[in-house]
Amino acid sequence: MRHLLSAADLSLPEITEILDLAEEMSTVQNRPVKKLPALRGRTVVNLFFEDSTRTRSSFEIAGKWLSADVINVSAKGSSVFKGESLRDTVLTVAAMGVDALVIRHHASGAPWQASQWIDAHVLNAGDGTHEHPTQALLDAFTLRRHFRRTDPTMIDFSGKTIAIVGDLTHSRVARSNVLLLQTLGAKVVLVAPPTLMPSGVGSWPATATSDFDDVLGACDAVMMLRVQRERMSGGYFPSAREYTVGYGLTRDRLNLLRPGTAICHPGPMNRGLEISADAADAADSLILDQVAAGVSVRMSVLYQILGGADDPASSPVREATLR
Amino acid sequence: MSDSGPEASRVVLDADQIARACARMAHQILEANRGANGLVLLGIPTRGVHLAHRLAAAMSEVEGETIPVGSLDITLYRDDLRRNPTRVVGHTYLPVSVDDAVVVLVDDVLFSGRTVRAALDALGDIGRPRAVRLAVLVDRGHRQLPIRADHVGKNLPTAASERVSVRLEESDGVNEVTIARPAGNDEEPATVDHTAFTGEDR
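Going down the list, the protein sequences come from chains P and G.
Each residue of the first sequence is one higher than the one before, counting from 278 in the working numbering.
Each residue of the second sequence is one higher than the one before, counting from 70 in the working numbering.
It should be emphasised that the hints constitute simulated quantities derived from the structure, not laboratory data.
Please read all numbers here as calculations on a predicted model, not as lab measurements.
Just so you know, even glycine gets a beta-carbon here, dropped at the ideal spot from N, CA and C.
Be careful, since some hints might not be right.
To be verified - Selected chain G positions facing chain P (Cβ under 10 Å, derived; list incomplete):
id, residue
1, Ala90
2, Cys91
3, Ala92
4, Arg93
5, Glu134
6, Val158
7, Tyr162
8, Leu163
9, Leu189
Claimed, not checked - Keeping only pairs whose Cα atoms sit at most 25 Å apart, straight-line, the calculated DMTMM-like set for lysine to aspartate or glutamate is:
id, chain 1, residue 1, chain 2, residue 2
10, P, Lys341, G, Asp169
11, P, Lys311, G, Asp194
12, P, Lys312, G, Asp83
13, P, Lys312, G, Glu239
14, P, Lys311, G, Asp241
15, P, Lys311, G, Asp149
16, P, Lys353, G, Asp190
17, P, Lys341, P, Glu291
18, P, Lys312, G, Asp85
19, P, Lys359, P, Glu291
20, P, Lys312, G, Asp194
21, P, Lys311, G, Asp168
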């Protein structure tokens with residue numbers, strides 16, 4: 278695997294390999310020495326143009342536990358703030374001889390664009406409203422563990438129905454999850470108010486509805502998306518209260534779920550808005566498992582990308598980068 | 070595998086000989102340890118794990134108690150990761166804590182010693198065993214590191230260019246150890262063969 282830019286680039290065997298390896302990586306957390314030597318001598322730069330706590334820190338821990346050297350560059354307090362272009366920033370960092378760039382950017386497609394400019398490996402850690410593939414992978418990892426409690430031999434998600442509920446228009450998590458879950462063979466149901474349903478949703482490999490109650494009893498998992506407060510003034514829904522009534526995972530809706538239905542949320546949660554405290558703390562809530570899976574899955578992805586020989590045709594930095 | 074023609078392959082251990090070697094090693098391990106007290110067998114995937122289970126079964130028969138068996142994957146500790154495409158990582162399973170245990174590492178073939186070096190590093194990150202022993206079905210020589218086995222099923226003189234293949238019923242449907250010399254390559258190479266560490270025969 279050269280880059281991780283989109284969940285759509287991953288085949289079923291690749292996903293299975295990443296998730297299986299993440300299972301192995303998860304045992305590192307319980308060891309006295311939380312260090313594997315596999316990426317010794319590799320340098321990974323976390324280039325974050327947007328604030329992030331859990332994604333950045335879990336990428337950092339993942340890299341360090343694999344013995345890579347990890348450097349964090351955030352937009353605040355860097356030359357990005359002084360008006361440097363994305364291209365110049367990426368080329369500058371790449372010119373230092375790094376092996377991989379983990380990029381979060383507010384513009385959709387920025388990691389892909391960066392991958393065109395440099396020869397280092399690029400991992401998408403969330404770009405605009407486009408994709409967040411490692412989040413989708415850790416959701417799949419968490420769900421697979423949950424499903425395996427009742428069916429220890431399951432490999433793909435065929436026969437499973439998974440609802441993704443909330444602001445689908447602006448959610449990169451939803452997009453990556455739809456693509457990944459499709460490859461895994463799950464049936465995906467998208468639930469959102471009509472104003473937050475993306476245009477062209479008909480071409481997505483999923484069914485779409487605006488009636489949450491209608492799908493509650495048929496799900497094996499519900500993924501609640503965060504209501505981004507900055508959208509509240511956008512006129513997408515009249516009030517927070519109204520959103521909760523229509524699309525929140527309330528106590529009443531919790532009772533309508535089939536027993537064993539998994540509850541996921543990528544965090545950070547707005548308790549009482551899109552998810553009630555009862556649902557967030559329910560026995561089948563996997564929200565904390567998702568956080569715990571973040572490091573294991575990112576270790577697995579870093580190993581898949583950096584663990585082998587370099588492509589002999591390319592050095593870490595293309596010589597003509599500063600042309 | 071040589072692509073310059075068919076390999077001349079001969080069987081050096083058949084199913085009965087493998088069974089007898091395992092039985093002998095099981096007794097030797099118990100004798101050296103003065104019983105099963107504190108013993109943990111860790112096989113190195115894939116065939117080392119099968120052998121570890123065979124040894125443990127034979128030892129349980131003698132001692133009347135169950136010997137813990139696990140697997141220790143060493144992929145992430147290899148020294149040649151950067152020389153090859155990304156390797157698939159195997160399964161590590163520790164039945165009990167290795168702290169203060171007598172760990173017996175089990176592998177099919179001892180060759181360069183690099184796998185065992187990696188296993189010792191992996192073990193050091195997992196805990197602090199009281200002692201570590203090494204049991205291998207075949208010792209084919211050509212060590213590149215100062216490592217030796219405590220218990221050996223068969224010492225097999227080989228040329229570095231020859232290929233030793235261990236096939237076990239659990240993974241290959243048959244129990245045999247074969248040795249093959251690449252066709253058209255009759256003389257022993259003058260230098261140490263670094264590429265030999267990439268095959269199954271480690």
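Evaluated hints:
no.: 1; hint: Ala90; result: 31 Å, violated
no.: 2; hint: Cys91; result: 28 Å, violated
no.: 3; hint: Ala92; result: 33 Å, violated
no.: 4; hint: Arg93; result: 34 Å, violated
no.: 5; hint: Glu134; result: 27 Å, violated
no.: 6; hint: Val158; result: 5 Å, holds
no.: 7; hint: Tyr162; result: 9 Å, holds
no.: 8; hint: Leu163; result: 8 Å, holds
no.: 9; hint: Leu189; result: 12 Å, violated
no.: 10; hint: Lys341/P x Asp169/G; result: 28 Å, violated
no.: 11; hint: Lys311/P x Asp194/G; result: 8 Å, holds
no.: 12; hint: Lys312/P x Asp83/G; result: 41 Å, violated
no.: 13; hint: Lys312/P x Glu239/G; result: 32 Å, violated
no.: 14; hint: Lys311/P x Asp241/G; result: 35 Å, violated
no.: 15; hint: Lys311/P x Asp149/G; result: 21 Å, holds
no.: 16; hint: Lys353/P x Asp190/G; result: 40 Å, violated
no.: 17; hint: Lys341/P x Glu291/P; result: 23 Å, holds
no.: 18; hint: Lys312/P x Asp85/G; result: 42 Å, violated
no.: 19; hint: Lys359/P x Glu291/P; result: 40 Å, violated
no.: 20; hint: Lys312/P x Asp194/G; result: 7 Å, holds
no.: 21; hint: Lys311/P x Asp168/G; result: 16 Å, holds
In summary, the numbered hints that this structure violates are 1, 2, 3, 4, 5, 9, 10, 12, 13, 14, 16, 18 and 19.
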